[in-house]
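Visitor: Chains as they are written, first to last, in the working numbering: chain A, 1 to 113; chain B, 1 to 113.
Among the hints, a few may not be true.
EDC-like mimics (lysine to aspartate or glutamate), calculated; alpha carbons at most 16 Å apart, straight line [claimed, not checked]:
(1) B/K90 with A/D95
(2) B/K76 with A/D95
(3) A/K109 with B/E86
(4) A/K109 with B/D95
(5) B/K109 with A/D106
Quick caveat, the hints were computed from the structure, so don't treat them as lab data.
Only a predicted model underlies this, so the values are computations on that prediction, with no experimental measurement involved.
Number of protein chains: 2
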Amino acid sequence: MSSPGIARTPTPPYYAVIFTSLRTEAERGYGQMAERMVELAAQQPGFLGVESARNEGGLGITVSYWESEEAIARWKENSEHQVAQEGGKKTWYSDYRLRVARVERDYGKPASV
Amino acid sequence: MSSPGIARTPTPPYYAVIFTSLRTEAERGYGQMAERMVELAAQQPGFLGVESARNEGGLGITVSYWESEEAIARWKENSEHQVAQEGGKKTWYSDYRLRVARVERDYGKPASV
C-alpha cells in the first residue's frame with residue numbers, strides 16, 4: 001500500500017506525528033518495511049491518514065494523523081512497529097526527530113482558483 | 001539558501017505549519033520562489049526552522065516551526081509571501097493542505113545507538 005496524496009483528515013482538532021529522518025545508505029529491507037508500516041498504521045484504531053515525501057538527498061518527512069494521543073501511544077507500542085523502530089535506530093536512519101503536535105486548524109486550496 | 005537537514009528546534013511547546021502540496025508541471029520560477037521563501041521566512045521574528053522534502057512524483061511536505069501563532073499570522077501577511085501564495089494557488093500547486101499545529105513533545109535518535 002502506498003500513500004501518494006494529501007491525507008483527507010477530518011475537521012481539527014486531531015494529532016500529527018511529524019517524523020523527519022535522514023537515511024543511511026543501507027537498504028536491508030527498508031522499502032518493504034516502510035510500505036508495511038503504512039499498511040499496518042492504517043489498520044490501527046484512531047488512524048486518520050499519512051503523508052510522506054523524501055528528497056533524493058536523503059531527507060524524508062512522514063506525517064501521520066491520529067484522533068488522540070492515546071492512539072499514538074498504542075501505535076508506538078505495536079510489536080511489529082517496535083521491531084521496525086529498532087531497525088530504524090540501528091540500520092536505516094543516521095538521524096531523526098519525531099514531534100507530536102495537536103492540529104488546531106487547517107485549510108486547503110480554494111476550489112474556485 | 002537551502003535547508004537540507006533536520007531543524008534544530010527548541011524544547012516544546014512551539015508551533016508547526018505543515019504544508020503538503022502537489023505540484024503542477026509549471027516551473028515558471030518555482031525553484032527560485034521556493035528558495036526565496038525559505039530565506040525570507042528565516043528572517044521573520046519567531047521563526048525556529050524549516051524542513052522540506054518532495055517526491056519525484058510531485059508530493060511535497062514543508063514543515064516550518066514558529067514560536068507562536070502570532071509569528072505564523074505575521075508571516076502569512078508578509079507582502080512578498082502573499083505574492084508567492086497567489087502564485088501557488090494559480091500556477092504551482094494543483095492541490096495543497098496547510099495545517100497549523102502545536103508541538104507538544106519531541107525526541108530524537110538516542111546518541112548511543
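Visitor: Evaluate each hint against the coordinates.
Guide: Hints versus structure:
1. B/K90 with A/D95: violated, 37 Å
2. B/K76 with A/D95: Given that 16 Å is the threshold and the Cα spacing comes to 31 Å, the pair is violated.
3. A/K109 with B/E86: Distance ~11 Å between A/K109 and B/E86 Cα, so the pair holds.
4. A/K109 with B/D95: holds, 6 Å
5. B/K109 with A/D106: Judged against 16 Å, a Cα distance of about 29 Å means the pair is violated.
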